[in-house]
Amino acid sequence: MIDLEPLLLSFEVALLATCVASVLGIALAGVLALPRVWGRELIDAAITAPMVLPPTVLGYYLLVLLGRESVIGRGFEAVFGTPIVFSKGGAVIAAVIGALPLVAKAARAALEAVDVRLLGAAQTLGASPLRAFFSVSLPLARRGITAGMMLGFARALGDFGVTLMVAGNIPGQTRTASLAIYDAVLSGRDGDATRLSLIMTALAMAVLIGASTLSRQRRDGF
Amino acid sequence: MASEPRLRARLGLRRGREEACFSLDVTLDFGPGLNVLFGPSGSGKTTILSALCGLLRPDHGSVVLAGRTLFEAAKGIDVPPQERRIALVFQSLALFPHLTALGNVGYGVPRGPPRAERLERCQVWLTRMRVAHLAQRYPNSFSGGEAQRVALARALASEPQALLLDEPFSALDHGLARELGAELLVYVSALALPVVLVTHDRVAARALGAELTFLRAGMVERVGPAEEILSERP
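Residue numbers (the numbering used here), protein chains in the order written: chain Y, 1 to 222; chain L, 1 to 234.
It should be emphasised that the hints constitute simulated quantities derived from the structure, not laboratory data. Treat the hints loosely; a few may be bogus.
To be verified - Listed below are the simulated SDA-like cross-link pairs for lysine to any residue, each with C-alpha atoms no more than 25 Å apart in a straight line: (1) Y/K105 / Y/L28; (2) L/K75 / L/G61; (3) Y/K105 / Y/L130; (4) Y/K105 / Y/A45; (5) L/K75 / Y/P129; (6) L/K75 / Y/P35; (7) L/K75 / Y/S128; (8) Y/K88 / Y/A49; (9) L/K75 / Y/L28; (10) Y/K105 / Y/R36; (11) Y/K105 / L/H98; (12) Y/K88 / Y/Y182; (13) Y/K105 / Y/G30; (14) Y/K105 / Y/P54; (15) Y/K88 / Y/S187; (16) Y/K105 / L/P97; (17) Y/K105 / Y/S187; (18) Y/K105 / Y/Y182.
It should be emphasised that the depicted structure is a prediction, and the values quoted were computed from it without experimental measurement.
When you get a sec, could you build the whole thing from the sequences and use the hints?
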């Protein structure tokens, strides 16, 4: 019988990470969509960098930033009594790093595709830029943003390198499905590795198909 | 005369360089009722509307509506569009595709009165524009004329102190355009606020028969009765 714990943990971590990445990603995309933003492309590059940097580099940065000897790490431990790194929280942060560029990229593209005249109309009708963002931009960009969130979720579900670096491989805490597969292969449990791999593949395919269906509907809309 | 709500503006603006340069330098004074801004495409009509409602910032000049200074470059005054109370009906109409006709009209209704009262106002405007039957429908199902009426209802429901109409007849045939123009005049005279209608359509401009500002290459060429100005130039 297959051990469901790593799969369920992956789901939990990916769900939390998607929520965090969505709020951050949409907010960042909203800022980038403003008419005058200093360092627009620099911010965009910084968000996108995790897609091309090695997981070890990202993991190392996070350890330096959040480790038990760092300011943030100490502060967190003083308040909550547990370290951020090598805990479920660390796994979530690792997954957020993977998901954020996908959500932010999709949200930026979707927000920039909204007709600026609609935003102009909203403003001349008395809407503040913030109200125009929430009542016009976001609803019109929702399909593209949702597609980005689904991709972010799929990415968060499968993170391996960064999770291993900052969260380790603690059963029930940080041993997600991808880490469990690594374990299974190392200890010669090929059957477990195969089953988990197939399930992960099926999940990824389902999410990709869902996301591309959403993107297609968006073109057919209005 | 002093109590008359007028829309006065001096607008100066320069965009691009050398041969591709567009410059605008106009002084405008619109009284209550219909004012027609007529000129060929590229003469700066839409730029003027954008500057009046605050979506575009001119390099210099001023905009004063009913005694309230909305823009004055020299003093650094630039009231944001949402506080200007100038409604603009875009050439594209810019109806919100994710909202029903009722939702569109309700978007600009000033907050304050209870929801039921605001909803009632929307219904009144939709009825006046003879599109009450569209209340629960979305813009992608509207005909050109229907969309126009909803856009106008939306603009007026925001209780503006001035109304700007960018090429309102471009999506319509002449018959419908005249009909809508006649209806427009009725509401405009009842509202007693400055209405600025932009058109490059000579026939429509003449039919409206209002005070006309003739614009050419970013400058005001003439101001006067439509009949007089447009009969001179075939």
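Could you check the structure against the hints above and give me the numbers of any it violates, in ascending order?
9, 17, 18
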